[in-house]
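Protein chains: 2
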Amino acid sequence: MKYLKSRIRSLQKKIKNLEILIDTTMVFSSILDIDELLNIVLQKAEEVMEAEVSSVFRIDEKKNDLYFFIARGEVGKEAKAIRVPMGKGIVGWVAQHGKPLLVPDVTKDRRWFKGVDKKTKFVTRSILAVPLITKGKIIGVAEVLNKKGNRRFNKDDLELFAALGNQIAIAIENASLYSELDELFKSSIRSISEAVDAKDPYTRGHSARVVEYSLLMGEAVGLSKDDLNNLEISAILHDVGKIGVPDSILGKPGKLTTQEYEYMKKHPEFGAGIIQPIDRLKKLSPNVLYHHERIDGNGYPTGLKGKRIPLPARIICIADSYDAMTTDRPYRKKKNIRAAFEELHRCSGTQFDPKLVRIFVTELEKQILYQST
Amino acid sequence: MKYLKSRIRSLQKKIKNLEILIDTTMVFSSILDIDELLNIVLQKAEEVMEAEVSSVFRIDEKKNDLYFFIARGEVGKEAKAIRVPMGKGIVGWVAQHGKPLLVPDVTKDRRWFKGVDKKTKFVTRSILAVPLITKGKIIGVAEVLNKKGNRRFNKDDLELFAALGNQIAIAIENASLYSELDELFKSSIRSISEAVDAKDPYTRGHSARVVEYSLLMGEAVGLSKDDLNNLEISAILHDVGKIGVPDSILGKPGKLTTQEYEYMKKHPEFGAGIIQPIDRLKKLSPNVLYHHERIDGNGYPTGLKGKRIPLPARIICIADSYDAMTTDRPYRKKKNIRAAFEELHRCSGTQFDPKLVRIFVTELEKQILYQST
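Chains A and B are the protein sequences, given in the same order. Under my numbering, the first sequence has 235 at position 228, and the numbering climbs by one with no breaks. Under my numbering, the second sequence has 245 at position 238, and the numbering climbs by one with no breaks.
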């Protein structure tokens, strides 16, 4: 009877752990954003394992060491700079051997490396560390430190954490594959845009700078992560329509004739035409189409006015003009930053959105001050 | 005592189910390829639920109906053409109400739609159907038909299948997001390449045809899915370097001068230069760089010879030349297919890889015969 009751308790404990695992895996696997995922992973690891702190390390194959993929809690900042050589310390041992490790009391384990505690002023007592393995390959190590309530981790904890580690590994792998594909997409359109910029020696590097200035404004006005992403893609592609402009016009050393200028003014339409057939970019084509519109309605191609011009297009317009002012052109020298700011203010309310001009100038001044100190 | 033993059995059963769920979720979540995923999903669903057949339906929001996302087994082919209106039949009911449904005996359920059995000649006895819900949205329905051994599904089965449905939903959502991002990448470089083609009215649509011809050869020589994907990307981008060629040369109505031709011949290098900085495409840059090399070493830009020219470059070379032959040029009319095949054979072993020429001609002939019957 007593035996049966204890058996039931142990089965119930097992069910609880399995239910926790199913819950965590549902949460992990539904997140493809790597930063969001890692935050949730650590939060869940600490919650489930009742740990004070947790971290995830990733293996840097080239350098044959491990780096903090993320470290939460108070010690986060200091810890991030630390790199662990392969085979050194608890984490290095787990990475090398590919096996989970329970260290109930770190002071009694010779593998333990005191250096991190010294730097972070954290007092480690007990450690659980598991390898993160996907498709037969060790990609990192997850660890939890110090069981809450001054307790030590035990073998049951190790089993649960090892199972959690399997899920963490798959979730990190998926999120990494997704972000790699995203990077492939962005770096491809970036590289092609650079080639388009390079057709005119005077606009080399232009798109990259327009992206930088646009994101500066986008962040300052508080765009969401998704909207910032869309702004970035729109800014990368804002001049892609120049593929359709004859390079006798693009690279002309000197002012354009009226006829040439009329042709040049078609590049936003050409660009929107390139973006339009792409299902998931269709909605961004107005950002490209309208990046030469003016607040007062005297821009091109349609003379759209004020707030009717989409916000990303108003942002890109300022970024685009500022970069044009601050780089040399065949027919004039570049303006210095001060003069360019004055020019932005002078055209504020006619060519540019006044609020965005103020924000851009403020943010850029901050950045310049920060860089010069 | 008896009660405790039965309690233990029920707990053990629960543990078994939870372990199955953890096993399946690990399998599902580690697959981002949608076709591979669906195959595994159905295989596991049938195995775990001991069902004769299983299927996954997806909701088509525009048409407000459901279509077979995949149907395995003997009835697969016929079933794929069937569409289920929202609210109709068991599957339509589950899609509309967003609730799991157990139908122990279909003959006693008025919601059951006999049409599918009539078409597929399958005899349905018992059905379990669960909604696939991610982020609060019903994206489809999974169902298993007929518990093996002439048994009927019961409430325990429903509970397990509902849990499985949650995992299937997340896995499908992830795989869909991944394939959408992949499509975004490919359609972006496709659209830009089309814009480059369009600079010369005579090469409009060229890249798309080169992709088609290249994949025809790639499939015939038995390239892996990954290699086919890389071949496709290389073929899309093979002429992207023409961004760097003045359009006075690209669109010249008439033969190029020697000097102009020398400039034109730089486009493979320009193209490789665009691809080189893209981390995950770097390895494809030789495919672009060498697509004008000849087997006999008399091509450009480097005079690389025979098998030293990468296979994808040899494939693209044939596809590229064939398309050039079979489209009009300002200085000559297009060849008909027969004459183009003769030209390929004539240059086989000097300009082109003879084995690939044979394969290409054979495959294209097959395709043309198939289309004309």
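Note that these hints are calculated values from the structure, not bench results. There could be a bad hint or two in this list.
Any copy will do: because identical chains look the same in the list, a pair fits if it lies in one copy or spans two.
25 Å max Cα-Cα, derived SDA-like pairs, lysine to any residue [said to hold, decoys possible]:
1. Lys142 x Gly156
2. Lys289 x Asp67
3. Lys125 x Glu219
4. Lys142 x Asn237
5. Lys162 x Gln374
6. Lys12 x Lys23
7. Lys341 x Asp286
8. Lys272 x Ile15
Since the structure is predicted, the reported quantities are computational estimates derived from the model, not experimental observations.
Against the structure, the hints:
1. Lys142 x Gly156: neither (37 Å within a copy, 36 Å between copies)
2. Lys289 x Asp67: between (38 Å within a copy, 20 Å between copies)
3. Lys125 x Glu219: neither (39 Å within a copy, 62 Å between copies)
4. Lys142 x Asn237: between (33 Å within a copy, 22 Å between copies)
5. Lys162 x Gln374: neither (52 Å within a copy, 63 Å between copies)
6. Lys12 x Lys23: both (16 Å within a copy, 20 Å between copies)
7. Lys341 x Asp286: Result: close neither inside a copy nor across copies, 39 Å intra and 34 Å inter.
8. Lys272 x Ile15: neither (78 Å within a copy, 78 Å between copies)
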